[in-house]
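*Asks:* Sequence:
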Amino acid sequence: VFVVAVDGSVVAHENFANIVTDIAVLRSLSIKVVLVHGIGHQLVGLAGEHNIALSDVQGEGITDASTMSLAREASALVSQAVLESLSQAGLRCAITNAVRSTKLGVLRGKDHLYTGKVEKVDTALLKSMLSQDVLPLVTPILCDREGMSLRVNSDHLAMELAAALGASK
170 VFVVAVDGSV VAHENFANIV TDIAVLRSLS IKVVLVHGIG HQLVGLAGEH
220 NIALSDVQGE GITDASTMSL AREASALVSQ AVLESLSQAG LRCAITNAVR
270 STKLGVLRGK DHLYTGKVEK VDTALLKSML SQDVLPLVTP ILCDREGMSL
320 RVNSDHLAME LAAALGASK
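Numbering (my numbering), first residue to last: 170 to 338.
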């Protein structure tokens, strides 16, 4: 199993097609792939379009309500772009909610509001998808136990997934 993390800027770049080709080659070699995407690039673009000041770009600091709203929109845009690219390469894929988050909470006296961290990885679901040749796509917008959306840093998310799945890379 390989867990591949791609930043939003990579997804937006014209060379993203080459990465998708590389993923297709990995799949042809029977290597299972889980893909995690970021949204920072798209989030900054949406903030500019809507003239909204972001509380945090990377998903590690305080995520206020307006930033969270834009983050959900950015995540949907990036997820769709990735799904289209993977589909064009002939890969079966699905966005999954196999990772549950919990609020980061109050750190150093500051409430991080809608910023979360990984609480639990449903490895059984991910392994089931992988065994059926479905590439799981995991977004940096995760749900908590009550179904509330929280924003997590995509690099941290990828590391947590790799550890939980015992990934080779």
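Worth flagging that the hints you see were computed from the coordinates, not collected in a lab. Remember, it's a predicted structure, so these values are computed and weren't measured experimentally. Hints are supplied without guarantee of correctness; some may be wrong.
With a cut-off of at most 27 Å between alpha-carbon atoms, the simulated DSSO-like pairs for lysine-lysine come out as follows [unchecked claim]:
no.	residue 1	residue 2
1	Lys338	Lys279
2	Lys272	Lys289
3	Lys289	Lys279
4	Lys296	Lys286
5	Lys286	Lys272
6	Lys286	Lys338
7	Lys296	Lys272
8	Lys289	Lys338
*Asks:* Is the straight-line distance between the alpha-carbon of Lys286 and that of Lys272 27 Å or less?
*Replies:* OK: Lys286 and Lys272 at ~6 Å, within 27 Å.
*Asks:* Is the Cα-Cα distance between Lys289 and Lys338 27 Å or less?
*Replies:* The given pair, whose Cα atoms are some 20 Å apart, holds under the 27 Å limit.
*Asks:* Sort out whether Lys279 lies within 27 Å of Lys338, counting only the CA atoms.
*Replies:* 35 Å, violated
*Asks:* Taking 27 Å as the top limit, are the C-alpha atoms of Lys286 and Lys338 close enough?
*Replies:* 21 Å, holds
*Asks:* Keeping to a limit of 27 Å between CA atoms, is the pair of Lys272 and Lys289 held or broken?
*Replies:* 12 Å, holds
*Asks:* Please work out if Lys296 and Lys286 have their alpha carbons no farther apart than 27 Å.
*Replies:* 22 Å, holds
*Asks:* Need the status of pair Lys289, Lys279: alpha-carbon distance at most 27 Å?
*Replies:* 24 Å, holds
*Asks:* Next pair to validate is Lys296 with Lys272; report whether the Cα-Cα distance is within 27 Å.
*Replies:* Roughly 26 Å between the alpha carbons, so the hint for Lys296 and Lys272 holds.
Hint compliance for this structure: hint 1 is the single one not met.
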